[in-house]
Amino acid sequence: RQLLGTATSVDAVSVAGKVKQASQALIVAGESPTKTQQPHSNEGALVATEGSAEQSAPPEENAASKGILVRSNSDRSAPIPTPTWHAPWKLATVLSSHLGWVRSLAFSPDNQYLATGSADRTIKIWDFPKASVGSDQALKLTLTGHISPVRGLAFSDKYPYLFSCAEDKQVRCWDLETNQVIRHYHGHLSGVFCLALHPTLDVLVTGGRDAVARVWDMRTKTALHVLSGHEHTVASLLTKTTHPQIITGSHDNTIKMWDLAAGKCFTTLTHHQKSIRAMVQPSFENTFTSGAADCLKQWQGKDGRFLKSLTGHKTVINAMAVNDDGVLVSGGDDGSMQFWDYKTGYSFQQSQAIVQPGSLAAENSVMALQFDLTGTRLITGEADKTVKIWKQDEEASELSHPIDMANWRKKCIAQSKQRF
Numbered sequence: 001r002q003l004l005g006t007a008t009s010v011d012a013v014s015v016a017g018k019v020k021q022a023s024q025a026l027i028v029a030g031e032s033p034t035k036t037q038q039p040h041s042n043e044g045a046l047v048a049t050e051g052s053a054e055q056s057a058p059p060e061e062n063a064a065s066k067g068i069l070v071r072s073n074s075d076r077s078a079p080i081p082t083p084t085w086h087a088p089w090k091l092a093t094v095l096s097s098h099l100g101w102v103r104s105l106a107f108s109p110d111n112q113y114l115a116t117g118s119a120d121r122t123i124k125i126w127d128f129p130k131a132s133v134g135s136d137q138a139l140k141l142t143l144t145g146h147i148s149p150v151r152g153l154a155f156s157d158k159y160p161y162l163f164s165c166a167e168d169k170q171v172r173c174w175d176l177e178t179n180q181v182i183r184h185y186h187g188h189l190s191g192v193f194c195l196a197l198h199p200t201l202d203v204l205v206t207g208g209r210d211a212v213a214r215v216w217d218m219r220t221k222t223a224l225h226v227l228s229g230h231e232h233t234v235a236s237l238l239t240k241t242t243h244p245q246i247i248t249g250s251h252d253n254t255i256k257m258w259d260l261a262a263g264k265c266f267t268t269l270t271h272h273q274k275s276i277r278a279m280v281q282p283s284f285e286n287t288f289t290s291g292a293a294d295c296l297k298q299w300q301g302k303d304g305r306f307l308k309s310l311t312g313h314k315t316v317i318n319a320m321a322v323n324d325d326g327v328l329v330s331g332g333d334d335g336s337m338q339f340w341d342y343k344t345g346y347s348f349q350q351s352q353a354i355v356q357p358g359s360l361a362a363e364n365s366v367m368a369l370q371f372d373l374t375g376t377r378l379i380t381g382e383a384d385k386t387v388k389i390w391k392q393d394e395e396a397s398e399l400s401h402p403i404d405m406a407n408w409r410k411k412c413i414a415q416s417k418q419r420f
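Residue 57 in the UniProt record's numbering sits at position 57 of the sequence shown; the count goes up by one each step and never skips.
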């Protein structure tokens, strides 16, 4: 049974040489990949008073700094950023097939297939166009083999492969032309909670309950690095597109930024007070957002400079997603979802998960979030064993759903008094 067409031939050349070249390129560019940097607070934020245009930030950082309200020495507030208007989102379709919590989601590079991983130990492949309209023919395939809940999924952009990780310590590579496991990556000593593929190199990164992240050559299964330093579960990770870099979030309340070539941590961010279970990065700027039970925080992607906090959730944040239009979505353990304007941090919509028939009232957690590649559909994996597809309300307008500038102004003033 074929899903993705003819397989691409795989070159057996090791990726280690490419990683070394990437490191040398950074050094030539004047950026030492192992330079130690300390986390910053709101230094460099835009400062302005009436009749004044003084700026304390470098030009390249002003765009991100506009999301933080800073009070000047004369106690006059800086201009409050105007949020971009976004249409509210509404539930369109519910997919029911899993027998356990849906913990992970991934889209194929052509947006044709959606993969879902569940606590029922299975991976299901859906025809996404059919699933979007609620077709009974949407489910294409069920992959079995894991013996514990599936926690992470990722499609390869180059090959017809799907990677999965689970609480059974296993990391697997599935060939979607034969629907068979073709590679196992052994090394984690406990459950594997997250994985990510590097966008340009044939590198797979996994993180788990053993408090380490492991870097693999995805073709040869060679372990390139073991990134140790966290004191608790590595629950979320990102791979950077700008240069070889990995970001890990942990239940020890810290975020670490790693140089991929050297396998060394060059920055540790300690601003969160709770465990970090979700992180996300947009395609339109070099920043990233982390989510914990205390709040969401945004950071510069280059050096980890703190930008701003997004407050509103009162529960553990399990998942986040962002699309190219600047819509950031966060999902909580209590079934709540917050929709934000990414650049300003304005929350324009709050929604609550509705438990589907056959599930317990307490099974309303949002466990996974993912936008499709067009950014027009939002997928949620939930504890009620369902996969939900959301879309924007086409009838909404700026008149029917205006930006609440009065409350936004009050929130900005309150946040200006907070350091982190």
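Note that these hints are calculated values from the structure, not bench results.
Incorrect hints may have been included.
[As the list claims (entries may be wrong)] Derived SDA-like pairs (lysine to any residue); straight-line CA-CA distance at most 20 angstroms:
no.: 1; residue 1: Lys302; residue 2: Asp333
no.: 2; residue 1: Lys140; residue 2: Asp175
no.: 3; residue 1: Lys140; residue 2: Gly100
no.: 4; residue 1: Lys140; residue 2: Ser156
So, going through the hints one by one against the coordinates:
For the proposed pair Lys302 and Asp333, the alpha carbon gap of about 30 angstroms is over 20 angstroms, so the pair is violated. For the hint pairing Lys140 with Asp175, the CA-to-CA distance comes to about 15 angstroms; that is within 20 angstroms, so the pair holds. Our distance criterion of 20 angstroms between C-alpha atoms is met by Lys140 and Gly100, whose separation comes to about 19 angstroms. About 19 angstroms separates the Cα atoms of Lys140 and Ser156, which keeps this hinted pair within 20 angstroms; it holds.
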